[in-house]
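Respectively, the protein sequence lines represent chains R and B.
The first sequence runs 1 to 351 under our numbering.
The second sequence runs 1001 to 1492 under our numbering.
Any given hint could be a false lead.
[To be verified] Pairwise CB distance ranges, derived in the manner of DEER restraints:
id, chain 1, residue 1, chain 2, residue 2, range
1, B, Ile1432, R, Val120, 15 to 23 Å
2, R, Leu257, B, Pro1394, 51 to 59 Å
3, R, Leu330, B, Thr1041, 25 to 33 Å
4, B, Leu1009, R, Leu153, 16 to 24 Å
[What the hints assert, rightly or not] For lysine to aspartate or glutamate, the following DMTMM-like pairs were computed, each having C-alpha atoms within a straight-line distance of at most 20 Å:
id, chain 1, residue 1, chain 2, residue 2
5, R, Lys108, R, Asp40
6, R, Lys345, R, Asp40
7, R, Lys199, R, Asp187
8, B, Lys1451, R, Asp107
9, B, Lys1452, R, Asp107
10, B, Lys1451, B, Glu1217
Keep in mind the hints are simulated off the structure, nothing from the lab.
Ideal Cβ positions, reconstructed from N, Cα and C, are used throughout, including at glycine.
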Amino acid sequence: MEILGIVWFCLIFVLIAGYFVLDGFDLGAGVLSPFVAKNDQERAIVRQSIGPVWDGNEVWLLTAGGALFAAFPAAYATTFSGFYLAVMLVLMGLIVRAAAVEFAGHDKAWAKLWNILFFVGSLLPALLLGVAVGNVYAGIPMDANGDYIGVPLLGLVTPFTLLTGLLGLSAFILQGASWLMLKAPLDSPVRARAKGAAKVAGIAALVLFALVSVYGHFVIAPELTGVQTILGIVIAIVIVLAMVFCIAKAQSDGSDLAGFIASSAVCVLLVALWAVSMFPNLVVAGAGDPITLFGSPASGENITIATAASSNLTLTWMLGITCVGLPLVLIYHFIIYRTFRGRVKVEDLHY
Amino acid sequence: MEQFLDPALLARIQFALVVIFHFMYVPLSIGLGLILAINETRYYKSRDPKDAAATKFWAKIFTTTFAVGVASGITMEFSFGTNWADYSRFVGDIFGAPLAAEALLAFFLESVFLGIVLFGRGKVGPKFYLASAWLVWLGSCLSALWIIIANSWMQTPAGAELSADGSKAVLTDFFAAAFNATTLPRYSHTVLALLVMGAFVAIAVSAWYMHKGKHAEFARKTLRTGVAVSLVATCCLLVSAHSSAVAVAEEQPTKIAMMEGHYEEGTLPLYAVGLVDEEGQSVIAPIELPGFTSWLASGEFDTVYPGLNDLAAENPDIVVEDLPVNLVFQSYHLMVALFGLICVVILIAAIAAFKKNGKLEQKKWAQWIMIVCPIFPILAIQAGWITAEVGRQPYVVYPATSSPEGVQLLTNNGVSASVSSVELLITIVLFIAVYAIILVAWARLISGFIKKGPVEDLEGNIVDQGGATAIAGASAATAAASAASDSKKEAN
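With these hints in hand, go ahead and build the complete structure from the sequences.
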């Protein structure tokens, strides 16, 4: 296995982790919006807290998708076409959500529609991305060309993938709640409600993480090396600690920044654990979850770093582009988060 | 009925739908991005609150449009994997890199600095704000470069070879692939057309205010900006259009033949309008200038180009009866005809904008021509793309004259095997529904912004700045100074 392939395997997961942390909080804020914001002003607080940054956050997903296409075309082709209807639902969600975030403040007549679409459009990706992760990990039936041959959409829903979907959703919500705690005005009801939501989401995430870990390790049972197993256990322990810290933070007063850092760590580590237990596979071929509504037909070969990687020349060029681009991206993010640091001010709102 | 359930056709219909929708908003945002940046530069120099109001006016229109461009752009990036899995497997080694680079080097730049333009007026210094406005526009131009690199590679592949097992194209030379035979002509042609688009929107908004007798100063300034940008862009466009046509004639013999309805070997005539009789294999046209297209494409009136029948005889992939010749012919000629109309509009707008004591801008007919003028560039842009993309059929990766042997793919061989017609029909309906809602919402918002105009915002803007400086503290000291000077100027 070429070193460049391994580097790109890691970079893809770094991009996914960046997406989970950053778009995680604004998707989470969207899912939470009907529950933490009860009037126009509170909804404007939620929108303003993500307003200047959500668009840049979403670019992480585009970058991860583009990088997967460039570095491992076979994995990109198999997953996006295999999960066709699910991907389309995610897309529709992201589309209506983009419109909702930008239009809501200017369009009073349609405000109700935009509020609903902001919620639905955030919920769809927040739930379905986890389902996709579950499928890639547990295995999907595919033919020799790598084309998915299971039942469209419904074939992707099994107890395990439902659990991973819900785990993802709870992590998105925890991240969104932590962000709102950090950004909402100190004395606003939005912050108080976000605190309550963080506690519920944190506990849910803890329980779901335990279930996914047990199910994933003992029932799905991928073949792991000793190093992978030990690394996986260490990461899992840190995830549990970070989750407990988030729950504790949601109950006490104190720095909201620490809570947000801890929930961001949960996001990063969940992706890291996924990466460690996938290596060197990108998409596992198999019958998947043994408990399923639809019997799965015979399967092809796993899509691995070695079978899917682009040529060394392409990967080298991509690495060069990343070495230029990624530091720039980090600088842009530093600039924008610094410019809009601090809590949302009620005086700044336009709604 | 059966052909409507052909997955390849449905996948093409869906892609055409989503890309046409996407490509209504992208031209607007790249074009208006320049108008916005020019406006902010004017404000930076004048510190006249009216210019700040103008920037805010354009920023609102720009952002609303940009948001739809972003939303529909995500679809495009994922469409290759969802609908064109075998295409993705074939071209991934080359085609994925520009997409990733576009996101990393352009999208982040655009979206982050747009956040500053939109929310940062009172939070960053004036110089930084001005730089942000230009960076947003720069980012959008860079993203156009990367996506046209990718698209041009599909038209004229280069810097690649067929893999040993024949399953995919493999990169051999990055620069040759990126700057293939058509990248630069097509990039300049596209971006210039988009600038005309933005400038025409500026002209139309100005003419609307002249018609309504409102915002006279804004209308005058904006009209001049629009005329200046569109005039320069249109002149450059002549050069880029010529180089694009030359590149097509040299590299894509079936495309140039379809553009002119050219079935048998011979010189290429020039038609202003016409109709291709696909069954009779001839062009019905009132006026025909023999050899003129040959002259435009090669400099010689007697350069002979092979006809579609000759090309089909050499290449079993090409079935003359199946080629959409009339569609390519019509969209190409529509684009050229619209270019003529665009030149006329610029002439009228220039007289209205710059002639001293001119009465033209008061004439109702002149106002209305300028009000409806954005329809010409948007149609021309769409027609141009249809020419380019339908013109490469039946290939998705076109075997151009200078392309490496074997690096080619038929469109029908690029689709996703795992996606059924039923799934495609469901998503086509979904896209139409969602995009229709967004289109209506966007149009309502934009007309609301235009109705409100830049003046009411003027007050809002100063209030915003004052409010922001009151609480933003030290970082906004410069903004406070500028707000103070704004109100002083206004008092004077």
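Evaluation of the provided hints:
Between Ile1432 (chain B) and Val120 (chain R) the C-beta distance comes to about 18 Å, which sits within the given range of 15 to 23 Å. With their beta carbons about 58 Å apart, Leu257 (chain R) and Pro1394 (chain B) fall inside the hinted range of 51 to 59 Å. Distance hint for Leu330 (chain R) and Thr1041 (chain B): a CB-CB separation of about 28 Å, consistent with the stated range 25 to 33 Å. Between Leu1009 (chain B) and Leu153 (chain R) the beta carbon distance is about 22 Å. The supplied range of 16 to 24 Å therefore holds.
For the suggested pair Lys108 (chain R) and Asp40 (chain R), the alpha carbons sit about 10 Å apart, so the restraint of at most 20 Å is met. This hinted pair checks out: Lys345 (chain R) and Asp40 (chain R) have alpha carbons roughly 15 Å apart, not beyond 20 Å. Proximity of Lys199 (chain R) to Asp187 (chain R) is assessed by CA-CA distance (about 18 Å); at most 20 Å being required, the pair is judged to hold. With a CA separation close to 14 Å, the supplied pair Lys1451 (chain B) and Asp107 (chain R) stays within the 20 Å bound.
At most 20 Å may separate the alpha-carbon atoms for a hinted pair to count; Lys1452 (chain B) and Asp107 (chain R) meet this at roughly 13 Å. Taking the CA atoms of Lys1451 (chain B) and Glu1217 (chain B), the gap is near 16 Å; set against the 20 Å cutoff, the hint holds.
The structure shown violates none of the earlier numbered hints.
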